[in-house]
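Could you build the full structure based on these sequences and the hints that come with them?
Protein chains in written order, with this note's numbering: chain A, 1 to 80; chain B, 81 to 333.
Since the hints were derived computationally from the structure, they do not count as laboratory data. A virtual CB, placed ideally from N, CA and C, is assigned to each residue, including glycine. Among the hints, a few may not be true.
Calculated Cβ distances over 10 Å to all of chain A for the following chain B residues [as the list claims (entries may be wrong)]:
| no. | residue |
| --- | --- |
| 1 | Glu128 |
| 2 | Lys134 |
| 3 | Arg204 |
| 4 | His211 |
| 5 | Pro232 |
| 6 | Cys238 |
| 7 | Val248 |
| 8 | Lys249 |
| 9 | Ser323 |
Here are the simulated DSS-like pairs of lysine-lysine, each with C-alpha atoms no more than 30 Å apart in a straight line [what the hints assert, rightly or not]:
| no. | chain 1 | residue 1 | chain 2 | residue 2 |
| --- | --- | --- | --- | --- |
| 10 | A | Lys55 | B | Lys123 |
| 11 | B | Lys134 | B | Lys292 |
| 12 | B | Lys292 | A | Lys55 |
| 13 | A | Lys29 | A | Lys55 |
| 14 | B | Lys292 | B | Lys160 |
| 15 | A | Lys29 | B | Lys292 |
| 16 | A | Lys2 | A | Lys55 |
| 17 | B | Lys292 | B | Lys259 |
| 18 | B | Lys259 | B | Lys160 |
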Amino acid sequence: MKKEDFFNSLQDVLEIDEDIEITEATNFKNMKHFELDSIAIMTLVAFVHEKFNRKFTAVQINSITTVRSLMELIGLDHFE
Amino acid sequence: MKNLLTLENKSIIITGASSGIGRQCAITASQLGATIALLGRNKQRLEETLAGLKPGNHAMVSGDITEYEQLEERVGRVVKQIGTIDGFIHAAGIEMTKPLRVMSHHDYESLFGINVISGFELARIISHKKHLSAAGASFIYLSSVMGILGQPGKVGYCASKGALLSSVKALALELAQKKVRVNCLLLGIVETEMARNLLEEVPEDARQSIMKRHLLGMGTPADVSHCCVFLLSDLSRWITGSSLVMDGGYSAA
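Below, the structure written as structure tokens:
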């Protein structure tokens with residue numbers, strides 16, 4: 001998947017404000033008007049499973065900080 | 081003294097018999113003398129269940145129970161082998177933890193197909209007089225406390241389990257004239273592979289909260305099977321149209 005498409009999909013599915021530009025360095029834990037709460041975590045788990053056929057445990061999800069760390073968890077080889 | 085809890089000379093169809101609760105229900109029912117027809121998707125796992133039953137003229141039919149056009153033929157085959165049906169447990173089911181935001185109509189269709197529609201279709205087919213025991217039967221649907229409670233990320237699952245709960249009264253009323261009783265169990269978390277996978281996915285704080293609310297701990301497949309064999313037996317002859325909560329106290333809070 002193209003990184004740009006991944007960032008756009010993340011922004012949409014997590015309903016992150018459009019004025020925030022998502023990059024690899026974007027930190028889920030200190031974004032304006034966004035909280036990585038249990039719903040967001042469940043949404044991420046479902047999104048990753050659907051798009052990449054990868055299933056994460058709660059421990060793995062809790063280790064995520066930045067978009068890059070999520071991409072590493074998914075596997076960087078999945079991204080162009 | 082006559083053993084009051086017996087399933088001797090009863091033929092029981094059980095869906096979801098490849099694993100977990102369905103498997104244990106089959107084993108327990110066979111130990112009480114029932115002849116069992118095992119329905120499930122995974123042939124190898126069905127064979128493992130079959131090997132665990134008390135020996136008897138048990139049947140096994142592997143296949144997807146959402147292939148609705150095939151169900152009539154499968155039930156017919158079962159009846160040919162084990163005789164007319166005295167009991168039916170719909171233990172087949174899938175769980176889905178997905179927030180509304182990422183649900184699709186395919187997800188709802190999957191949930192309702194396995195959890196609900198296949199159960200109703202089998203009830204329709206089994207309750208036909210050519211398949212049904214002349215003495216009547218007991219149908220049991222395995223629902224969930226999620227059918228009466230809510231939880232984020234479970235809109236589809238809750239809806240499907242709620243559908244079972246709300247249908248039981250209508251089914252019981254309609255099938256009473258055929259001496260078919262219909263009841264439902266609303267289960268808390270039971271130690272199965274499905275439950276273990278589910279608990280791995282939820283955040284730690286949510287998992288702790290869930291476990292704390294199960295005052296008597298998680299249930300076991302045997303806990304559920306014990307209640308099922310009671311409902312299958314003549315001991316429960318006056319119980320129909322009911323939903324029994326079995327959740328270790330989870331919904332009492």
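Checklist entry - Going through the earlier hints one by one, which of them does the structure break, listed in rising order? => result 5, 11, 14, 17
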